[in-house]
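Chemist: Below, each chain spelled out in residue letters.
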Amino acid sequence: MKQIGLQLSSAAQSLYEGVKDLPITSPHGHCDPQWFVKNEPFSDPASLLIVPDHYVFRMLYSLGVSLTDLGIGVKEADRNPRAIFGLFAQHWDKFLGTPSRGWLEFTLYNTLGVETELSAETANMVFDEISSALRKPELRPLDALDTLNIELLATTDAALDPLDHHEVLSSGTSGRVIPTFRPDDILNPSRKGHAKNIERLGEITGAATSQFAEFLDAIASRRAAFKSLGATATDHDVPDLYTEWLPQAEIELLHQKACTGSLDRFEARRYYGHMLIEMAQMSVEDGLVMQLHVGSRRSTNETVLKEFGADKGADIPHSVDWVHGLNALLNRVGNNPNFRLLAFTLDESTYARELAPMAGHWPCMRLGPPWWFHDSLNGIRRYLDQVVESAGYWNLAGFNDDTRAFLSIPARHDMWRRGVCAHLSDQMERGVLRRRDAERIAPMLSRDLARDAYRLNGE
Amino acid sequence: MKQIGLQLSSAAQSLYEGVKDLPITSPHGHCDPQWFVKNEPFSDPASLLIVPDHYVFRMLYSLGVSLTDLGIGVKEADRNPRAIFGLFAQHWDKFLGTPSRGWLEFTLYNTLGVETELSAETANMVFDEISSALRKPELRPLDALDTLNIELLATTDAALDPLDHHEVLSSGTSGRVIPTFRPDDILNPSRKGHAKNIERLGEITGAATSQFAEFLDAIASRRAAFKSLGATATDHDVPDLYTEWLPQAEIELLHQKACTGSLDRFEARRYYGHMLIEMAQMSVEDGLVMQLHVGSRRSTNETVLKEFGADKGADIPHSVDWVHGLNALLNRVGNNPNFRLLAFTLDESTYARELAPMAGHWPCMRLGPPWWFHDSLNGIRRYLDQVVESAGYWNLAGFNDDTRAFLSIPARHDMWRRGVCAHLSDQMERGVLRRRDAERIAPMLSRDLARDAYRLNGE
Amino acid sequence: MKQIGLQLSSAAQSLYEGVKDLPITSPHGHCDPQWFVKNEPFSDPASLLIVPDHYVFRMLYSLGVSLTDLGIGVKEADRNPRAIFGLFAQHWDKFLGTPSRGWLEFTLYNTLGVETELSAETANMVFDEISSALRKPELRPLDALDTLNIELLATTDAALDPLDHHEVLSSGTSGRVIPTFRPDDILNPSRKGHAKNIERLGEITGAATSQFAEFLDAIASRRAAFKSLGATATDHDVPDLYTEWLPQAEIELLHQKACTGSLDRFEARRYYGHMLIEMAQMSVEDGLVMQLHVGSRRSTNETVLKEFGADKGADIPHSVDWVHGLNALLNRVGNNPNFRLLAFTLDESTYARELAPMAGHWPCMRLGPPWWFHDSLNGIRRYLDQVVESAGYWNLAGFNDDTRAFLSIPARHDMWRRGVCAHLSDQMERGVLRRRDAERIAPMLSRDLARDAYRLNGE
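Protein chains in written order, with the UniProt record's numbering: chain A, 1 to 459; chain B, 1 to 459; chain C, 1 to 459.
Hints are supplied without guarantee of correctness; some may be wrong.
Stated by the list, open to error - In silico DSSO-like pairs for lysine-lysine, Cα to Cα no more than 27 Å straight-line:
#1 A:K196 / A:K257
#2 B:K196 / B:K257
#3 A:K75 / A:K257
#4 A:K196 / A:K312
#5 A:K20 / C:K94
#6 B:K192 / B:K94
#7 A:K192 / A:K94
#8 C:K20 / B:K94
#9 B:K20 / A:K94
As the list claims (entries may be wrong) - What the simulated footprint calls covered on chain A by chain C, stretch by stretch (three residues with Cβ under 8 Å from a Cβ of chain C suffice, anywhere in the stretch; the number is not a length):
#10 324 to 330
#11 354 to 363
#12 384 to 391
#13 426 to 439
In case anyone wonders, no lab produced these hints; they're calculated from the structure. Each residue gets a CB set at the ideal place from its N, CA and C atoms; glycine is no exception.
If we strip away everything but chain A, and leave its shape as in the complex, we get:
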């Protein structure tokens, strides 16, 4: 079996030796908490590696493979996992050069211990090897936390989520699996069912959420519920970045319209822009770290959306104006020492132009790691090359994998750690860092900065 992952120079390798076995902190991702409560084996290779991974099936779809043939939009019972896996294996070479290829190789050969090299010809054999591996007790979700050296895993949970799984996990895992408060459904009027979600929030909390003041209280109480189960952060999907603080009368009026789903596009934008500032203010109060994931235009393929639903590989980034977009929010709470804002971008042109200068000024801001399409070897390199000079290392939020593919977590952290060590050894070679500096920063970027950024050290 070939060596897995970015090949390192000897200086980089030496740094990597010092961080490769550090526990994995995964403070942001999309695993299903239910997995850890049930602790059942993952069902089959296709349902584990292909069907839920939009990185994988989007590429195949772009090359003419039918989503249905890949099991997308097909009930689990009606899927033929072996056929799906075989179809994927036929196109294994199409992933050459992509991070998916690197992650999948690591997952197959390291995490799952597959010994046969994947190809169209060996698909069945590899399928069987994976299937065997999945039956091992140490790869059941809860056990795998130990097996994979994951010390902490945060999931992302809708504000209306009953949190029943997290209630079990809170005691059962002693805070090792924690929720994250994601209120998009109740805040963003362009979300489907927004008005109804406000109503449901009222039902859950017993508040008259059609009244703006009670709506805010209801949100605060949900945040408190999340926090009591270990949450240290909120997360916001912000397709178009805009914030504006509205006068009391105006936001109340817009909230009335929001409750009846009658905001026009322009009002909806201002309403959501105001609500993001309300969230920032609540973060000042309750200390939950605010994550903004900005700039993905969701579900741009209407046909795919209609037939297969959201998150099917048609979310495409567009350009972002962080300076204007965050202006109102930052000028309201940006100097408050209790506030922490983690910024994630898909517009790399903003790294050096906007985000690093902002992080190098505002006390609240830290920069999230390269996100999504940019969580890749080149993406990591460009990120570090472009943000460190203006933001320094201490304004970075370390790494998070942001994945829904649980077993790929070690793969993703390994790619980051290798990328970090390649960067640091390059800095040493150029005379920018000394060995002792690089040796100090490597574990910070690998683990400590994430723990600090997400307030996981019990601040």
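Place chains B and C on chain A using the hints.
Modeler: Same frame as chain A, now just chains B and C:
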């Protein structure tokens, strides 16, 4: 004579040996089909290398050289080719670091076999050497196809072009020189003479093009005429990317106005935005690959435009929003397996942010190679570094030279092939590709992907 | 003591040896002319290195350090320089990876000759060493020009500046310290006190500046005054790039409003856009080189602005559209051989997309070096990688340090020269440049192009 072109590591050199002599497929460019019909020698060094090359004279103009002194806007009979070439040679050092320098060196020393190194002092001698070379039968345009190892060359031809040259070439070269359908003049209301062009389309096709339905039929019949002479593609210059599907009544109304040249700026934008979708739909029908060259603001220097005409080096790129710009078009035909769209950008910030994610999702999309200012060593590097991770290699359209400088075609393909091999050997060194993968991808990027993208293999 | 600055390969080092001791030309910066008139020692390490350096205190503020504790907004008499320096030293590691670290190391260990390595523990010792150094006669401002090998230094001076210091310097330094005409306060209506500044311009020049024609004459006479004291350039801070030539009646009307401070935002934009063209026209007349520093949104932190004033680290870049923004200006004077425009951007995405193509066409344009956040090792690399291919080397304006930290001038030029040599040796290794070309271009980029761009050679 110094070695020509990007110096390669031994691993890269070894890949390069495998692709450097592959036949050249040139599926997009701006050669004049008449050259191949007449097959007369190119007249003189200045008319060959300086006067028609906006890369060259723009740089000299930027440094204070008069365009007139370079023969621009001067009738061929009134030009002093030797003086022009001497003026150029005086400024030969000004091209250091630019792709023009690399292309010209390759063209002079390799393609034309010049033995004297160019300098201000040797201008006359080099002029004479080039002149001799041009008289060699094997460098006459048609013969040079063999000499230069060009298996296929596509020109770019206005929709109203009588195609008389291509009729000769279609039989005479057995489809080795083919046309490309370029309908900007009849589609884009901001083109000079747009209304008159619609009228002329009617004259040529016998259709009442003032009626929208007949206008569409007339376009389809021109596409068919191009296709019958070997065309496999259309090409569209799109200064500002915008598409919108208009209701029947509205597009008919706008077409009436278009026919009288009375569209206002906003209407013109919507009209052209609709027509691009009509073209996409015709591509679904007739299989012609649709090329979009987006984001060049043309002729930004009004004085130069007035005195010397278009294409005089004052076309400057600006930023592009591919996601919003193509939204209507893609949602109309983007999932149709018959449709193929090749996207070319001058806004490199869109490579990783928009184009690669789009190409990695939409079945119709392939990414054109680095275009124009970015067809350069660094441009090639940035392109491959930024698109491959999200789009993979199989969603790329290989290379095309896009040149009107016929004898520079080998130079341009050589620069691309060297750049590709440097990239692939870097991927090998990093452990991203194995040798056998790199050896497979090198000829794909050098030739095969272009043939496939442009449907040149007789699909 | 460790070696200072970017470590170079032997080929790069050999180029560097040829340029490292060239005299420093500093044609743009923000030193106080008074320093050179008074020629008193700099007072103390904190007032020299921390309090005036927004690169330094912004980073510390972003990490939770109070600006007041750093002496910002504190009267010099009330500051405790030793305590401030100690606080800074505690956070010395936070600058790892930033250009500030490199500049400060060079300034401390090379320029000031400090022998103790800075750390939290050695802060007091280093403070004392700096203090001693500052008392040396050869580091007094005027003497330091010789000591630091600075052959020319331009300051940046408001149009309303009485120029009394520069009158002394003009004769006293034989044109070694020269002013630059910076008219933002009288041209840009969004500047505080704009209307009053127009009035003051009238008082100074004896013109009725409420009349537009006399206003223009008054500006021309200020330009002449600057020029008579050695100025060769003007400088313009342009937050949002926009130019438009207004008809006589309209600009006169807007000027009336400007004089009463009653322009609305849209009018203000057009007014400033017109005035920039007036400035360009005056440059054609008087030959002063026009510098445009574009794209910084100033003082984005309202609290910091209110409490501490402008220039406190909260100026954040945003995206720029150079093509549309300069259109009106360039089409009015861009082809005039007397006109020279130096463009500085904070939006690196414009390097290859807009600025290099523009500089490679317009005779008037030269590209300023990487500015501000991008004046860094990676910034220099990205700049040269992205502009040279389309603009060539001869359309670049060399380097300027743009600093208000006088003693850091050698550090900044050294970083640039090292970056240039690293770039050129990389070009040699790739076969793009030959050694003799690189040896010729190294001193051009280090010094000669700046002298030429700023017309310092007595054109």
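Chemist: Are the hints correct? Go through all of them and say.
Modeler: Verification of the hints:
{"no.": "1", "hint": "A:K196 / A:K257", "result": "holds (12 Å)"}
{"no.": "2", "hint": "B:K196 / B:K257", "result": "holds (12 Å)"}
{"no.": "3", "hint": "A:K75 / A:K257", "result": "violated (38 Å)"}
{"no.": "4", "hint": "A:K196 / A:K312", "result": "holds (25 Å)"}
{"no.": "5", "hint": "A:K20 / C:K94", "result": "holds (24 Å)"}
{"no.": "6", "hint": "B:K192 / B:K94", "result": "violated (35 Å)"}
{"no.": "7", "hint": "A:K192 / A:K94", "result": "violated (35 Å)"}
{"no.": "8", "hint": "C:K20 / B:K94", "result": "holds (24 Å)"}
{"no.": "9", "hint": "B:K20 / A:K94", "result": "holds (24 Å)"}
{"no.": "10", "hint": "324 to 330", "result": "holds (count 3)"}
{"no.": "11", "hint": "354 to 363", "result": "holds (count 9)"}
{"no.": "12", "hint": "384 to 391", "result": "holds (count 6)"}
{"no.": "13", "hint": "426 to 439", "result": "holds (count 8)"}
Checked against the numbered hints given earlier, this structure breaks hints 3, 6, 7; the rest are met.
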